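Participant: Those sequence lines, one after another, are chains U and E.
Position 119 of the first sequence, counting from 1, maps to 119 under the numbering used here, and the rest follow consecutively.
Position 1 of the second sequence, counting from 1, maps to 1 under the numbering used here, and the rest follow consecutively.
Since the hints were derived computationally from the structure, they do not count as laboratory data.
Honestly, I wouldn't trust all of these hints.
Put simply, identical chains are the same to the list, so a pair is met inside one copy or across any two.
Derived DSSO-like pairs: lysine-lysine, alpha-carbon spacing no greater than 30 angstroms straight-line [said to hold, decoys possible]: (1) K106 / K116; (2) K106 / K32; (3) K32 / K116; (4) K27 / K116; (5) K116 / K83.
Only a predicted model underlies this, so the values are computations on that prediction, with no experimental measurement involved.
Number of protein chains: 2
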Amino acid sequence: MPNTTTATSHDEPLILPMCAVFRRFLKDQGLKFTPERARILDSVLSKPGVFEADALLDEMRRDSRRVSRATIYRTLKHLMEAKIITEVLIDSKQSHYQLSIGREPKGYLVCMETHKIIEVDVPELDAIRERVCRQHGFEPASHRFVIYGVSQDASENSEGTD
Amino acid sequence: MPNTTTATSHDEPLILPMCAVFRRFLKDQGLKFTPERARILDSVLSKPGVFEADALLDEMRRDSRRVSRATIYRTLKHLMEAKIITEVLIDSKQSHYQLSIGREPKGYLVCMETHKIIEVDVPELDAIRERVCRQHGFEPASHRFVIYGVSQDASENSEGTD
DNA sequence: CTTGCTGCAAAAGTTTTGCACACGT
DNA sequence: ACGTGTGCAAAACTTTTGCAGCAAG
């Protein structure tokens, strides 16, 4: 069973500060730092790439870190407000999220066969984004470039299919 | 009531052939060309930009072109198979579609305030896509570049908000 | 006529919400 | 102690599906 993500290595030291960032955010909003929120943040920080709410719940339950589905969704919203994670649009049926440690995610390469998602760095996009926004009088906020294709592994493993 | 799309002008003459394309596709698949399918294709062809299944249904009902929601979804699927429309991922909660008359849609500029979607042409993307796919051993199929931002109109109309 | 199509309503899948109780601050 | 948070289950919302009658080829 192949895993669903690849990518960009995150250094461990970032994990501790992130917790502080979240606590700070919560305090500023008059919200509380609960064990559930701590556990969710923890699980989110352990994700190297793109993840779904449901997968997070499963994983947490497997590790007997008890949380309800409702709390996952509620907390993911706070984490987005706190700019700790970003929503990534890859599938119109389900929300995908990703850590946004300082930098915004840029590009994705999605295999249409295996559904594997590879993050790719495409430096040109920033300049393109600026240009397009200027042309249309927009104030840019973020962007996303997704390439759909078929990976070599997938096309090898299903030669005569379809 | 601002409209939701802008863009690329479609010439009328394309509308007739599209119907033939769809009939051909249906016949090839042993499927039938029904009045409902004709009406849906018709409504789809009248869309200048991105649209949602539900909006299509509403519009059709307003014009008393009776169709059921189920038939809309079933037909949109066929239209995608026939390569007449393409799914566009812009919102993780709802599917968005767009006519794909020969050419693939390339870029979108989405206003986070008004939710207006502007299609933009970004010629560089093809080359970038090729390069990224080559680097990762992928066979490219399609791509999408979405820029999120705030349009001038929106930022003018809500100066002191938030 | 045969086979696929439509509409309805119910089902399915993801996300949200109301409520009663529990817990950070 | 107060005001949020949590879990549960039900609600919402989009999309899919089963079924009985209907229509295209």
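Participant: Tell me, please, which holds for K116 and K83 at an alpha-carbon limit of 30 angstroms: within, between, both or neither?
Facilitator: both (25 angstroms within a copy, 24 angstroms between copies)
Participant: Classify it for me, K32 with K116: is the Cα-Cα distance of at most 30 angstroms met within a copy, between copies, both or neither?
Facilitator: neither (36 angstroms within a copy, 36 angstroms between copies)
Participant: Could you figure out if K106 and K32 sit no more than 30 angstroms apart (CA to CA) within one copy, between two copies, both or neither?
Facilitator: neither (32 angstroms within a copy, 43 angstroms between copies)
Participant: For K27 vs K116, is the C-alpha pair at or below 30 angstroms within one copy, between two copies, both, or neither?
Facilitator: neither (37 angstroms within a copy, 34 angstroms between copies)
Participant: Using 30 angstroms as the alpha-carbon threshold, which applies to K106 and K116: within, between, both, or neither?
Facilitator: both (16 angstroms within a copy, 22 angstroms between copies)
Hint compliance for this structure: hints 2, 3, 4 are not met, and every other hint is.
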